[in-house]
Amino acid sequence: MFNVPDEHGRFGKFGGKYVPETLMNALVELEEAYKHYSQDQDFQDEIRYLLKQYSGRPTSLYYAERLSEHLGGAKIYLKREDLNHTGAHKINNTIGQGVLAKRMGKKKVIAETGAGQHGVASATVAALLGLECKVFMGEEDMKRQQLNVFRMNLLGAEVIPATSGTRTLKDAGNETLRYWVSNVHDTYYILGSVVGPHPYPMMVRDFQRIIGEEARKQIIEAEGKLPDTVIACVGGGSNAIGIFYPFVNDFSVKLIGVEASGKGVDTDEHAATMTKGTHGVFQGSMSYLLQDEFGQVQPAHSISAGLDYPGVGPEHSYLKDSKRAEYFPITDEEALEALKLLSKTEGIIPALESAHAIAQTIKVAPTMNKDQVIVVSLSGRGDKDVESIMQYLGGKNHESH
Amino acid sequence: MNLIDQKFLELKEQNKTALIPFLTMGDPDVETSVEIIKELQAAGADIIELGVPYSDPLADGPVIQRASLRALQHNINIHSCLEIASKARQEEVSLPFILFTYYNPVLQFGLESFFEKLRENEISGVIIPDLPIEEDEQVRQLSERYGIHLVPLVAPTSNDRITKISKKAAGFVYCVSSLGVTGVRSSFYDGIDDFISLVKQSTDLPVAVGFGISTNEQFNTFSKICDGVVVGSAIVRKIEEQLPLLQSQDTKAKGLLQIREFVAQLKE
Ligand SMILES: Cc1ncc(COP(=O)(O)O)c(C=O)c1O
Chain A
1 MFNVPDEHGR FGKFGGKYVP ETLMNALVEL EEAYKHYSQD QDFQDEIRYL
51 LKQYSGRPTS LYYAERLSEH LGGAKIYLKR EDLNHTGAHK INNTIGQGVL
101 AKRMGKKKVI AETGAGQHGV ASATVAALLG LECKVFMGEE DMKRQQLNVF
151 RMNLLGAEVI PATSGTRTLK DAGNETLRYW VSNVHDTYYI LGSVVGPHPY
201 PMMVRDFQRI IGEEARKQII EAEGKLPDTV IACVGGGSNA IGIFYPFVND
251 FSVKLIGVEA SGKGVDTDEH AATMTKGTHG VFQGSMSYLL QDEFGQVQPA
301 HSISAGLDYP GVGPEHSYLK DSKRAEYFPI TDEEALEALK LLSKTEGIIP
351 ALESAHAIAQ TIKVAPTMNK DQVIVVSLSG RGDKDVESIM QYLGGKNHES
401 H
Chain B
1 MNLIDQKFLE LKEQNKTALI PFLTMGDPDV ETSVEIIKEL QAAGADIIEL
51 GVPYSDPLAD GPVIQRASLR ALQHNINIHS CLEIASKARQ EEVSLPFILF
101 TYYNPVLQFG LESFFEKLRE NEISGVIIPD LPIEEDEQVR QLSERYGIHL
151 VPLVAPTSND RITKISKKAA GFVYCVSSLG VTGVRSSFYD GIDDFISLVK
201 QSTDLPVAVG FGISTNEQFN TFSKICDGVV VGSAIVRKIE EQLPLLQSQD
251 TKAKGLLQIR EFVAQLKE
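The listed protein sequences correspond, in order, to chains A and B.
Going by full-length UniProt numbering, the residue at position 208 of the first sequence is 208; the numbering climbs one at a time, nothing skipped.
Going by full-length UniProt numbering, the residue at position 218 of the second sequence is 218; the numbering climbs one at a time, nothing skipped.
To be clear, the hints were calculated from the coordinates, so they are not data collected in a lab.
Don't take each hint at face value.
[As the list claims (entries may be wrong)] In silico BS3-like pairs for lysine-lysine, Cα to Cα no more than 30 Å straight-line:
id, chain 1, residue 1, chain 2, residue 2
1, A, K254, A, K320
2, A, K13, B, K168
3, A, K35, A, K106
4, A, K323, A, K276
5, A, K225, A, K323
6, B, K117, B, K87
7, A, K106, B, K164
8, B, K167, A, K13
9, A, K320, A, K363
10, B, K164, A, K13
11, A, K320, A, K217
12, A, K276, B, K117
13, A, K276, A, K143
14, A, K344, A, K217
15, B, K38, B, K16
16, B, K87, B, K254
17, B, K252, B, K87
18, A, K35, B, K164
19, A, K13, B, K117
20, B, K200, B, K168
21, A, K35, A, K320
22, A, K225, A, K320
23, B, K168, A, K35
24, A, K35, B, K167
25, A, K52, A, K217
26, A, K340, A, K254
27, A, K143, A, K340
Okay, chain B solo, but in the shape it has when bound (with noise of 0.2 Å):
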């Protein structure tokens, strides 16, 4: 059974929502992402949606675009993303990974390779946000093939097309929060109870919302409508502080800790 599925049934069991933080990867380097990796699992996160650096990414807001960039000047490249996920596996880290990566990295590698790598590092789904149904055809088989759930992106514009896209969807799908790119924000788009009441009649899979999200308030409000919450730019932005103590052995261990404790307290 696909890890995610498996979580998502162990939560509904324990009637919990789903914590699933996002890093960008090899920001600042590849062992101190493995090293938050742990620290996220340690602060009670379910899943962990593990960020390809790109350097275009369409979909994200000035928080991510700079942890990209610190990543890409860094060399990352999608093979060390791979490498970042297998070594956490190695130390022991069992959550699901959901890598998050933009298409054209993908397509370059190789699609039919790319799934094959997902597997072999036990990475068990695939976000790909300018990937729209329209265009997924050959993705979906190969992930479908290969056991990895493709998780789709509805946004509150999708309107009608949101049946079409649960009905295709795999593993859980992904609510977006605002009309807009990635960011913390304080506000959300208007209609957000509809529009994920409406998700969530169209399909049985876990429905989970991300896109802003930063607080343990926040947390708390749609933990009461939804099956997960994805905390993206709010943790990298966690991670952005902590440079300067996460780059010198003596204080590492101090920084770890902030981001663990920021994570920590999302559940609280």
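With the rest of the complex left out, here is chain A (with noise of 0.2 Å):
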């Protein structure tokens, strides 16, 4: 049975609080404060509201019939986070902590983005709870994701560019810890995966957790039975652990994470994580990570924002080091390729990230029997990557790294 973390905020050996002292005490705060309001049979009742009237939520678990004939193998569906309400899982997670932050009487809020749906999603939250919000966002991201850092400033955040660093996603993520270092009297981070010290990777997991409860629900009325395989793209982790996880102790289940390769696992530029990485303290956590032979952190690259990142969620290397999941690696091209299949074949165009997700189901279905189920986590939608696509299939030099 897997039953992590532990008190300490361990899975097995990956987690943990890495955090200079002055966090501390917040970490512990948040630890307390979430503890108590988890048991709370309010905070609970308001957060499945606005799950549901606000976000849209159930969303649906779509049965992908033409593209699983095209690939004729398994039965393929397809878990719709991108009907959620800002288009993409990360809103399950901001509703939770924009609500408990406002329950712990904080009335400012920060967070990291890097594709700037995370960005959007907190700024959203922050509307509509009326908490103050700044968005720290990588200067180079600012540059590729412009609508997006528009849309936040229409809902009446203020994005701050990070100049630090690759100033990527990374960089935005040290800068918004600086800030709450200088300010964590009155602010509440909303952190944005299932990265970070403790309690974030298990606080965050908590709010995803609801894509798998509702699919595991939707795929026993659908076949009956419990899928093979559940594919989820892995960035920080978010959606993937949120489907995932209630799955975990169904053995039977496969459960397979797809990281980012970008140009290849055998250039310099990518994201595998799982796949290159090895193990390291990286942002408050001990978990995989792409790093040097010293210790320094490397850059990563990949044509998807989201999945833009050095490091990964540590209950991902505890599933990877217990052989419980399994991560692959797929390229800029699959992604691009896989992106392009599922809008022509199905009419949905999927976010870049969750294009690496359908990447790997075109590798997988195929080598299964038409009895067989895969459900595949799309976490979001196109809408935001179409002008950075156009751009990529145009021909130009996509500006992503």
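Combine both chains into one complex, guided by the hints.
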């Protein structure tokens, strides 16, 4: 049985709390508040209400018949997180943490963002709950995702460029933590994935596990049985843990995480943390990490800004090392092909992140029987990516990195 | 006896406060760092804090971030940092050294070999800003075995953690002067005096303060309530300003002198 983390926030050897002393008290406070409210019916009801009436849950589990036929193997179901308000699974978490922040009496929230999806979801919830919101975003990513910057501004959030390091998601994370160190007395940090110091990996998982809880019920209704395989893309790993978690103790269900290998795992330009990384401590927890022999963190690369991250959540490292889940790399090219195929066969344009999960499905489905079932987490819709896809397919050098 | 303890004893007898300058090693290169350390000794420093450059320095502000980036661009790693310490010793720097490093480079080095190397290179203490007491068990045991002080940070937000931290401390207790990352600042945490006296009550060890201290006036103010004062970003910034001079053999001496004079006046 898998029952993690322990009270120290450990998933086996992974996880923990590796942060400057100034933040320790805030993390302890957060842990206590979360422990308290997770047992509080009123708190749970408010979250359920918003997930349903505001975000539109439950999201459907859609049988992708034409895609399944095209691939000629297993039946493929898509868990449609793209149908959430703001277009991705990220809002499940920001609703949870936003309501928690409010209950804790914090009036200001901060968030880091890569592609802008988590930033938009945070700004949205801040507007909804009347909180002041600052979003830190790498200067590079602000250029790649101008539309999302504008969107956050419309929602009343201030977007602050992170100008340190590689000016992408990892540095936005660093800047948010630094800002939090200085403003910890009145500011709540809405972290966007199952990464960072305890209790974030556990808490974000708990807010995202609704994906898997719904999917498990829906697939049993549709097929009368559990799926054979569940597939999800992994950046920090929140949509993947969300859909994996309720299946973790169903040992017949194969769990497959898909990471971005950019231009290839044998180049310097990838984000294949599981395939190429080693154990290390990064942004508050012990996990797999892309690093050099001296422990310096290596820059990642992916066409998808949401997967362009040199770390990964500690629970995934635990699932990998205990062999409960497997992780496979998908290149930029493969993701784009998958995006085109899903668009043409099903009329669904997936987010570039989710296209990685589709690409792995394209590899796996044909090796399976027609009576076998795959559930794929379609974590987000592709609207935010259309401009960069256009540039990429138009032959221009895309600006991803 | 550990050099840090010896130094604080000496200073106590003379009723003096330790000046603890910080530099990012390898900014701009190995040789210049050795020369800067010699200048710091000449300027009247008591203990030297040697910063290992890191790609993701969470506890540091822009000045030290930039210095780390410059050092890393010159391929400085933890081995070259140890080399800097040992070269400085060979060139007659007798002050106690404390290594300041984030945890991941230590972890990749291997915990046991790390402490072996610290001892071999006569480094008396280590500060790991992202290793709170909850996570430091193994490191602390090794540090004790090798006779190297694991110096902890306490923050104005530490509250009832202060006693827990002090109990495990070695060498001295390092008080963070403000809520925030490193960087020069003109004002400190409002309750700083109370905070420091709380820390003093919690331990018999010397108590030092740091983060944001940059002037002679601030040094003197904190001297009245502390046993040691760390000056980091102000010195790293001074080094940054002198980079054009330091990078040419003709003007290097002039640049080094500026750094020495800046550090000397802090204590006047
Ligand atoms: C649509 C979508 N899917 C996946 C991710 C990756 O995050 P995670 O691995 O936490 O699900 C992102 C992140 O921005 C995203 O926007």
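- What hint numbers does the structure not satisfy? none
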